[in-house]
Amino acid sequence: MPSEEPNSYFLKFMYAMGRAIDGPVTWWRESIVVPNQQKYYWYHRKYPRVPTVDQCYNDDPVCIFEADRQLQRDRGVDGQIVSILRQRAENCVQYHGGQGVNALRECQPLWDTYGEAAGNYFCKYGDLGYDPSSKDVYMKQKHRLIWERRYGKVGSGMTPKE
Numbered sequence: 001m002p003s004e005e006p007n008s009y010f011l012k013f014m015y016a017m018g019r020a021i022d023g024p025v026t027w028w029r030e031s032i033v034v035p036n037q038q039k040y041y042w043y044h045r046k047y048p049r050v051p052t053v054d055q056c057y058n059d060d061p062v063c064i065f066e067a068d069r070q071l072q073r074d075r076g077v078d079g080q081i082v083s084i085l086r087q088r089a090e091n092c093v094q095y096h097g098g099q100g101v102n103a104l105r106e107c108q109p110l111w112d113t114y115g116e117a118a119g120n121y122f123c124k125y126g127d128l129g130y131d132p133s134s135k136d137v138y139m140k141q142k143h144r145l146i147w148e149r150r151y152g153k154v155g156s157g158m159t160p161k162e
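Under full-length UniProt numbering, the first residue of the sequence shown carries the number 1, and numbering increases by one thereafter.
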């Protein structure tokens with residue numbers, strides 16, 4: 001294993017010059033720059049919220065475009081959340097030994113959470129097709145709210161008000 005110190009005088013001189021130049025630079029970086037540096041994790045990028053399509057003017061295509069991109073990001077995040085919840089529930093069943101009574105009892109809270117999240121996802125994005133616009137999603141929400149005003153919550157058994 002080679003030693004730290006070089007053997008010849010020339011190499012010793014070059015080594016000392018390197019330490020004389022590198023020492024203050026290393027000290028400056030380790031004691032001043034790095035402690036005061038903000039860490040930026042690229043995978044935690046936070047996008048600012050943009051106005052929704054109901055806050056945009058009809059003749060503002062840039063605002064509508066931004067609302068569509070915001071919808072795509074939100075839909076992707078919501079889809080990943082539902083996917084993660086489903087994967088957790090499936091892993092729980094597999095860990096507890098398949099579809100037995102014990103596995104279903106142990107994993108029931110996960111399945112309930114997944115069912116609620118999947119229902120909410122379908123309530124918001126279901127029946128809209130592959131690439132819906134933000135206006136389509138807004139209209140679906142508006143129609144659902146009007147329907148609930150007339151008939152009550154979905155599944156409540158209320159009849160139309162006359």
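Keep in mind that a hint or two might mislead.
Restraint ranges, calculated between C-beta atoms of paired labels, are given here [to be verified]:
hint: 1; residue 1: W28; residue 2: Q72; range: 55 to 65 Å
hint: 2; residue 1: V77; residue 2: P24; range: 43 to 53 Å
hint: 3; residue 1: D22; residue 2: Y57; range: 52 to 62 Å
hint: 4; residue 1: A16; residue 2: Q87; range: 29 to 39 Å
hint: 5; residue 1: R86; residue 2: I146; range: 53 to 63 Å
hint: 6; residue 1: R49; residue 2: Q80; range: 17 to 27 Å
Calculated from the structure, these hints are not laboratory results.
All C-beta atoms in this analysis are idealised placements derived from N, C-alpha and C, irrespective of residue type, glycine included.
Hints, one by one, checked against the model:
no.: 1; hint: W28 to Q72: 55 to 65 Å; verdict: 45 Å, violated
no.: 2; hint: V77 to P24: 43 to 53 Å; verdict: 47 Å, holds
no.: 3; hint: D22 to Y57: 52 to 62 Å; verdict: 59 Å, holds
no.: 4; hint: A16 to Q87: 29 to 39 Å; verdict: 58 Å, violated
no.: 5; hint: R86 to I146: 53 to 63 Å; verdict: 31 Å, violated
no.: 6; hint: R49 to Q80: 17 to 27 Å; verdict: 18 Å, holds
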